[in-house]
Structure formats: C-alpha cells, structure tokens
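Participant: Sequence:
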Amino acid sequence: MSTGPDYIAAVQADSDRIVAALAANREGAIPWSDTWTVQDCARHVGGLHHVMAHVIEGRPTANFSLFKTLEQPAASDPALGPWIAGGTAAVVGQLKRTAPDEPCWSWWPEDQTVGFWARRVSLETLVHRWDVECGAGVDIAPADPRLAADAIDEFLDIFVGLQRVLHTSPGAGESVHVHCTDTDGEWFVEFPAPGERVLRREHAKGDVAFRGSAEGLLLYLWGRLPADAAGVDIVGDPAVVARWPELAPSI
284 MSTGPDYIAA VQADSDRIVA ALAANREGAI PWSDTWTVQD CARHVGGLHH VMAHVIEGRP
344 TANFSLFKTL EQPAASDPAL GPWIAGGTAA VVGQLKRTAP DEPCWSWWPE DQTVGFWARR
404 VSLETLVHRW DVECGAGVDI APADPRLAAD AIDEFLDIFV GLQRVLHTSP GAGESVHVHC
464 TDTDGEWFVE FPAPGERVLR REHAKGDVAF RGSAEGLLLY LWGRLPADAA GVDIVGDPAV
524 VARWPELAPS I
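First residue of the sequence shown? That's 284 in my numbering, and the numbers climb one at a time after it.
Just so you know, the hints here were simulated from the structure itself, not pulled from any lab data.
Some hints here could point you the wrong way.
What follows is a list of derived Cβ distance ranges for each label pair [what the hints assert, rightly or not]: (1) Pro314 x Thr352: 30 to 36 Å; (2) Pro532 x Ser348: 24 to 30 Å; (3) Glu529 x Asp422: 20 to 26 Å.
Note that the structure is a prediction, hence the values are computed from the model and not measured.
Glycine included, C-beta positions come from ideal geometry on N, C-alpha and C.
Please construct the entire structure, taking both the sequences and the accompanying hints into account.
Facilitator: See the structure below:
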C-alpha cells in the first residue's frame with residue numbers, strides 16, 4: 284500500500300461519530316449481537332480509549348490490568364458521551380506526543396511498540412463506528428479505503444494467526460485469495476496444517492477468491508455482513524467457502 288492511513292485523525296473522526304450516534308439512538312440494537320445496544324458498544328470503545336491512554340503513558344510496563352481499576356459510567360448514564368470524548372482526547376494526545384517506535388506493552392509478541400496501538404485503536408474504533416451507526420439507524424459514513432484495507436491486513440495477519448493458534452483450527456492446504464477493488468490490497472492466505480496459516484501479500488490463485496471494496500471485504504471478514512450485502516464476490520470451491528468460519532475463527 285502506498286500512502287498509509289492517518290491513524291490518529293481516524294481515531295478522532297470515528298470516535299466523534301460514535302458519540303453522535305449514541306446521542307441519536309443509544310438503545311438501538313447492534314445487528315450482529317444478541318445483547319449489545321449502541322450504548323454498550325460505545326462504552327466498550329470509550330473504555331479502550333481511556334485504558335490505552337494510560338498504557339501509553341505508563342509504557343513500557345503498563346498493560347490491560349488497568350481495565351480492573353477503570354471507573355466507567357453505566358451504559359445508560361447520560362454522561363457516557365462526554366466520558367467517551369474524554370478518553371478519545373486522552374489517547375489521541377498520547378499518540379500525538381509519543382513516537383510510534385517507542386517501546387510499549389502489547390498482547391501481540393511481534394510488535395511491542397506504541398505504533399501497534401495507534402493502528403489497533405484506530406481499526407477497532409473504525410469497525411465499532413460502523414456498528415453504532417448501523418445500530419442507531421443514522422447515516423453510515425464510508426470508510427477510507429486505505430484504512431479498511433489496512434484493517435483487512437491486520438485481520439488476516441494478526442487475528443487469523445492468533446485465533447488459529449488458540450483454537451488449533453483445522454487446515455490441510457486450503458487457500459484463499461482476498462482482493463480489494465477500490466484500493467491497493469491483495470492477500471493470499473493458506474492453511475497448511477491445524478493451527479497454522481501462511482500469509483503473503485500478493486496476487487495468487489487460491490481455492491477461493493473474495494473480491495470487493497475494502498470496506499465490504501472488511502465487514503464480511505469481521506462477520507458484520509453476509510457476502511451479498513457487503514458486495515463481496517466469491518468464486519471457487521464451495522466447500523472451502525463453507526469452512527471459512529472454521530478456518531478463520533471469528534474474533
């Protein structure tokens with residue numbers, strides 16, 4: 284990918300839209316969840332922002348144990364919106380003041396830097412912004428294709444890799460090609476054995492191909508929309524398509 288997305292600006296913009304959706308319809312149901320409402324999802328994002336501000340400030344040893352001491356308003360509290368905005372201001376401030384290569388705890392052993400969290404907080408906020416706007420029934424802002432493509436990369440690299448190890452997910456050589464149609468982004472992911480995955484960022488023929496806009500692919504891969512609703516074209520072996528949730532367990 285050429286010019287990378289501005290993670291800090293994206294955190295601020297998407298968080299602002301989360302707060303606006305909360306004000307519009309805080310009790311709207313999040314479509315993919317049996318329990319979450321807009322206010323529950325918004326509170327989750329606010330908690331992440333508050334804790335990450337403290338993790339970055341207390342680097343390199345501060346970690347998610349801070350969630351145990353975080354004081355959070357109830358989801359139904361009218362002060363929830365300002366509390367979320369305060370957490371966003373805090374984490375954005377920390378990210379602006381701190382170099383991405385500064386050492387910082389993370390749960391991903393391959394990247395223990397502040398830059399990991401700039402990306403992770405941005406992409407988490409992006410997906411949940413879609414959730415709350417959809418749940419609130421307000422206009423859903425289109426995602427920056429570069430940011431959505433980066434979220435696909437994170438999903439296939441970090442989350443699929445992590446989930447396959449945790450679940451010892453099956454695999455016997457199945458392969459999938461993922462191709463963005465509106466921005467740079469192609470991935471070839473193979474599942475050679477249980478718990479393993481090989482990822483290459485290239486064009487290659489797989490047993491199955493997922494093709495669509497970066498946002499559509501992201502929403503499909505994250506389980507937010509079925510392929511047809513997300514505008515994702517799927518070609519290839521139907522058996523591998525049917526096994527995708529097993530090959531790449533949901534987050």
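Participant: Give a verdict on every hint.
Facilitator: Outcome of the hint check:
In this structure, Pro314 and Thr352 meet the distance hint of 30 to 36 Å, their C-beta atoms being roughly 33 Å apart. The hinted window of 24 to 30 Å between Pro532 and Ser348 holds, with their beta carbons roughly 26 Å apart. The hint said 20 to 26 Å for the Cβ distance between Glu529 and Asp422, and at roughly 35 Å that hint is violated.
The structure does not agree with numbered hint 3 stated previously, though it agrees with all others.
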